[in-house]
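Use these hints to put chain B onto chain A, whose structure you have.
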Amino acid sequence: MTNLLLSIDAGTVDWSRAQFALTAIYHWLFVPLTLGLAVIMGIAETIYYKKRTDFWKHTAQFWQRLFGVNFAMGVATGIILEFEFGTNWSNYSWFVGDIFGAPLAVEGIVAFFMESTFVAVMFFGWKKVSAGFHLASTWLTGLGATISAWWILVANAWMQYPVGCAFNPDTMRNEMTSFLEVALSPFAVEKFCHTVISSWIIGAVFVVAVSCWYLVRKRHTQLAVQSIRIAAIVGFVAALGAGATGHKSGQTVAQVQPMKLAAMEALYDGGHEIGLKVVEGIEVPYGLSMMATNTLDGYVPGINDLLDGYVKDDGTVEPSVDEKIERGKLAIQALADYRRLREEVKVNSEKFATATDSVEEILNSQLSIINSNMPYFGYGYVKDKADVVPPVWINFWAFRAMVGLGCLFIAFFGLVLVLIFDIPMVSLLVRRLLSAVGLLDERAADRTAPADAMPAWLCWAAVLMVPLAYIASESGWLVAEFGRQPWTIQDMLPTWAAVSDLSAGSVALTFFLFLILFTTMLAVEINILLKQIKKGPEGNS
Amino acid sequence: MTYEFLQHYWCFIVSLLGALLVFLLFVQGANSMIFQLGKTPDERRLLINSTGRKWEFTFTTLVTFGGAFFASFPLFYSTSFGGAYWLWMLILFTFVLQAVSYEFQNKLGNFLGPKTFQCFLVLNGILGPLLLGGAVATFFEGSNFIVEKGNMINSPLSTLNSQLDVSPVISHWANASHGLDALLNPWILVFAVAVLFLARTLGILYTMNNIADETIRTRSRYQLAGAAFVFVVLFVVYLVHLLLKDGYAYDDSGLIFMESNKYLNNMLDMWYLTAVMLLGVVLVLWGIISELCSGSQFFTLHSSLFPLPGIWPAGIGTVLTVTPLLLMSAWNHTAYYPSTADLQSSLTLENSCSSYFTLNTMFWVSLLVPFVLAYIVYAWRQIDSKKIDRDEIASDDHAY
Chain A
1 MTNLLLSIDA GTVDWSRAQF ALTAIYHWLF VPLTLGLAVI MGIAETIYYK
51 KRTDFWKHTA QFWQRLFGVN FAMGVATGII LEFEFGTNWS NYSWFVGDIF
101 GAPLAVEGIV AFFMESTFVA VMFFGWKKVS AGFHLASTWL TGLGATISAW
151 WILVANAWMQ YPVGCAFNPD TMRNEMTSFL EVALSPFAVE KFCHTVISSW
201 IIGAVFVVAV SCWYLVRKRH TQLAVQSIRI AAIVGFVAAL GAGATGHKSG
251 QTVAQVQPMK LAAMEALYDG GHEIGLKVVE GIEVPYGLSM MATNTLDGYV
301 PGINDLLDGY VKDDGTVEPS VDEKIERGKL AIQALADYRR LREEVKVNSE
351 KFATATDSVE EILNSQLSII NSNMPYFGYG YVKDKADVVP PVWINFWAFR
401 AMVGLGCLFI AFFGLVLVLI FDIPMVSLLV RRLLSAVGLL DERAADRTAP
451 ADAMPAWLCW AAVLMVPLAY IASESGWLVA EFGRQPWTIQ DMLPTWAAVS
501 DLSAGSVALT FFLFLILFTT MLAVEINILL KQIKKGPEGN S
Chain B
1 MTYEFLQHYW CFIVSLLGAL LVFLLFVQGA NSMIFQLGKT PDERRLLINS
51 TGRKWEFTFT TLVTFGGAFF ASFPLFYSTS FGGAYWLWML ILFTFVLQAV
101 SYEFQNKLGN FLGPKTFQCF LVLNGILGPL LLGGAVATFF EGSNFIVEKG
151 NMINSPLSTL NSQLDVSPVI SHWANASHGL DALLNPWILV FAVAVLFLAR
201 TLGILYTMNN IADETIRTRS RYQLAGAAFV FVVLFVVYLV HLLLKDGYAY
251 DDSGLIFMES NKYLNNMLDM WYLTAVMLLG VVLVLWGIIS ELCSGSQFFT
301 LHSSLFPLPG IWPAGIGTVL TVTPLLLMSA WNHTAYYPST ADLQSSLTLE
351 NSCSSYFTLN TMFWVSLLVP FVLAYIVYAW RQIDSKKIDR DEIASDDHAY
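Chains as they are written, first to last, in the numbering used here: chain A, 1 to 541; chain B, 1 to 400.
With the rest of the complex left out, here is chain A (with noise of 0.2 Å):
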C-alpha cells in the first residue's frame, strides 16, 4: 500500500466551494419556476379538463410553452450538481457515499425518468394522447419534478443533520444503518414541504407578474384574469405554508444546527429571554427565546457560547471546541492505531496467534476511544476554532431578506385575492380604502369588470415582485449552506477534508467556464421567455 501525504491547495477548497455555489444557485434558478408553474398550469389544464374549451387548452398550452424554456435549463444545470460531489468532492464521496448515494440514486430511478418520460407527452403529446393521459402526463411531470426535489432535500437534510448512520473504522467510512431515518428525518421532511412550497410562491409570482403585463398593455385579458386568479390562490396558500414551514425548520435548527441559528441572528453572547433581531437595533423582545425554544426565557447560545461551552437548558454541557478538537484528535489517533495494529495483525498473523486475546483487547480498547469520540471525528480537521464559525453577515442578511420578502408576498397575495376575486364585504372594503388614499380609481372602488381589478401600479409592482422571489428564493439557500459551513456535513467532515486533489487553476478555469456558459444561457434563456410572452399564447416558435 503506498501512503501519501497530499498536499492540498488553500485555493483548491475555495474554487471549489465556489464552484459548487455557483452550479447550485444557478440551478435554483429554475428549479422553483419548474415546481412552482408546473401546479399552475395543472390546474389550467385540469379545467380544461373538465371545461373542453379552447380557451383553457390554449392557456394550458402557454404556461407549458414558458414551462419548457426553463425546464430545459434546469436539466441542463442539475446534471452538474450530480458529478460535482464526485469531481470535486471525492473525499466527501467516499466518505458518506454509502449514505449519500442512495437518494441521489433513487431520484434517478422514481423521479428523474418519471419527468423526462411525461415531459415528453405533455410537449408532444397534444394530437398523440387521449386529454386523461394528456392531462395525467402533466401531473405527472410535476410529480416528478417535486419527488425529484425530495430525494435530493433527504440528501442536503442529511449534510446538516445526519442521522441513520454509523462510522465503521474497518470500511473508513459513514454507513448507512437506517434508511428510514435518513429518508425521513425531520430535517428532511421540514426542508422538503419550506422548500418545495416557497417553489410555489416563485410560479405564483412568474404567473402573476406575466399575467400583469398583460392587463396594462390590455392583451389577453381574460387569459390575464383567470392566470391571475388561479396563481393569486397558489401563491397566498404557498406564502403562509412557507412562512409556517419555515418557523418549524428553525426550531429543528435551533436544536441541531446551534451555531447556524446564532450566526443567522449574528448572536455572539447568548443567554435567556432573548430578543429576535429585526435588524440591529431593532428587535422583538423575547423573540428568539420563543421561536427557538417555544418559551420565553429558554437558553439561546451564541456564537462564543458554542466556542467555549455551555450548559443546557437540560443540565448537560456542551463542550467547548477546543475540547472537540481535542476528542476529534483522539478518533483520528485511535483509528490510525487500530488500523495499524489491525494490517500487522494481518500481515504477521503468526507472530499474533498466540496473543489473539491481547490483541483483541487492544482493538477494543481502540474502538472504544474511537466510538467515544466520533461524534468529534470531524473537529480533529480543525485547527483554530474560529474556523467553526460560519460567514456571520451573510447568513444574517440573506435570512432577513427571505423573511422579510416572505412577509412581503403574504401581503401582496393577499392583496391581489381581494382584488382579483369578489370576496363577499372584504373586496369592497380594499377597495374603497385603496380608493380612500388614492391607490385605486374611483370607478373601479365600488365593482369592477375583472380586467379592471388590478391597478396600474399594483401590476407594476407584480412585475418587480420576480427578481424579489428569486432573490428570497435563493437567500433560503444561502442561509441553509453557509450557515453549515465550514462543514460539508455538519461536524462531520470539514470543507478542506471533503475536496478533490485538484488544483485550484483547475478548478478556477472550470468555474470561469460554468460562469460564461450558464450566463449566457441565462440570458438566452430571457431572451426567449420576455420574447414568448410578448408575443402570447397564440404565439409560436
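If you are wondering where the hints come from, they were derived from the structure by calculation, not from laboratory data. Heads up, a few of these hints could be off.
Quick list of in silico lysine-lysine cross-link-like pairs, BS3-like style, CA-CA up to 27 Å [to be verified]: (1) B:K115 to A:K57; (2) B:K386 to A:K128; (3) B:K386 to A:K351; (4) A:K383 to B:K149; (5) A:K57 to B:K54; (6) A:K127 to B:K149; (7) A:K346 to B:K54; (8) A:K531 to B:K115; (9) B:K115 to A:K535; (10) A:K127 to A:K535; (11) B:K54 to A:K128; (12) A:K127 to B:K386; (13) A:K57 to A:K383.
Output of the computed footprint for chain B on chain A, the stretches with three or more beta carbons under 8 Å from beta carbons of chain B [what the hints assert, rightly or not]: (14) 25-32; (15) 97-111; (16) 195-206; (17) 282-295.
Glycine included, C-beta positions come from ideal geometry on N, C-alpha and C.
Below, chain B without anything else, positioned relative to chain A:
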C-alpha cells in the same frame, strides 16, 4: 441475500444501465450527423425533432447511471470523477450544451442563432459517445490513479502547524492530465471511436424508422453503410485485442495480479454471458442489414425475415452485447477499474462497494425498475405511434 450476491447484482444493474445508455446514444449519433443527413433547414428540423422527443431519456439514463454507481460503488464514483476530472468535465459540458439546444435553437429570442445550437448538438453528438466510450474503455485498459483510504488519518497530527497539513484525500490521479491521458492510449481511442460509430449507426437506424421523409431515408441508408462498417471493424479489432490482452484479476484475499488472457478466460468461464453477447451481436448485424437491404429485391422477397424496423433488433442487440461486456470487466474476480499506477489501488466489486445494508436497501428500490420501464415503453409507443413528418412539425406548437 449474501453480500457477494448483492455486489454482483448491483454490478449487473449498473451494467444494464450502461448498456441502455449506449443504446440511447442513438440520440447523440443522429445529432452528430445533422448536417450530413439534413441538407435543408426543414430536413434538419425533422431530424432534431425526431431525436428531440427522446433526448431526455439519454440524459436521465446518464444521470441515473451516475447515481446508481455512486450508491452502489462509491469508491469508483469518488476515484474516477475526482481523478479523471477533465474527462468527466468535458463530457458534462457537452451534455449541458445538448440539454438547452433543443429547446432554444429555433425559438424567437435566441440571439445566438439556430446554427449555434445545432453545432452544440453536433458537438455533443460526437464528443458524448466518444468520451463516454473512452471512459468505459478504461475499465479494461486501466487508469492512472492511486487510492489510499488510510490518508484520512495518516498525517502526523503532532506536527500540525496548518489545518492543511492534514490533507486526507484518499485518491488522486497520478499525473496532471486528470483523465485526458486516457485519450493517448490507442486502444482506448479504438473503443471510443467504435462507440461513436455505433451511436451514429443506431442514430441512422432510429431516424430511418422515425421520420417519414424519403429523401432523409435514402441519405441515411447511404450513411448507414459507412458508419456500420467503421463500427463493426473497430469493434472486432478491439474485441480481439481484449481477448488476447492480460487482465486485472484478484484472489480471495483481495490481492490484485495480472492474468494472461483474463477477459478470454472470463468469456469461457461465463459462457452464458458470452452466448448473450453473441446473440446481441447477431441482432445488431441483423438490424443493420435489414435497413441496408430495405430497398432491395432481396428484402422484398424475404420480408418475413425482417419483421421489425432495424432499430429494434439493433437496439436490443446493443443492450445484449454491452451488458455482458461490462460484466466481463467486473465479474469472475476481475478488477473493473484497474490502476496502471498502483496495481493494488485497482477497484474491485468487493473493495469499492457500499455496505451490505445500503446494497440491500437499494435492491428493494431497484424492483421499481420494471414499472419504470413499463411506463417508458408505453409513453414511447404513444409518442412514436406515427412517424414524424413535415406537417406535424408545421402544426405542432412545441416543435423544436
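Tested hints:
no. : hint             : in the structure
1   : B:K115 to A:K57  : 32 Å, violated
2   : B:K386 to A:K128 : 8 Å, holds
3   : B:K386 to A:K351 : 75 Å, violated
4   : A:K383 to B:K149 : 22 Å, holds
5   : A:K57 to B:K54   : 25 Å, holds
6   : A:K127 to B:K149 : 57 Å, violated
7   : A:K346 to B:K54  : 53 Å, violated
8   : A:K531 to B:K115 : 19 Å, holds
9   : B:K115 to A:K535 : 23 Å, holds
10  : A:K127 to A:K535 : 23 Å, holds
11  : B:K54 to A:K128  : 16 Å, holds
12  : A:K127 to B:K386 : 11 Å, holds
13  : A:K57 to A:K383  : 62 Å, violated
14  : 25-32            : violated (count 0)
15  : 97-111           : holds (count 13)
16  : 195-206          : violated (count 0)
17  : 282-295          : violated (count 0)
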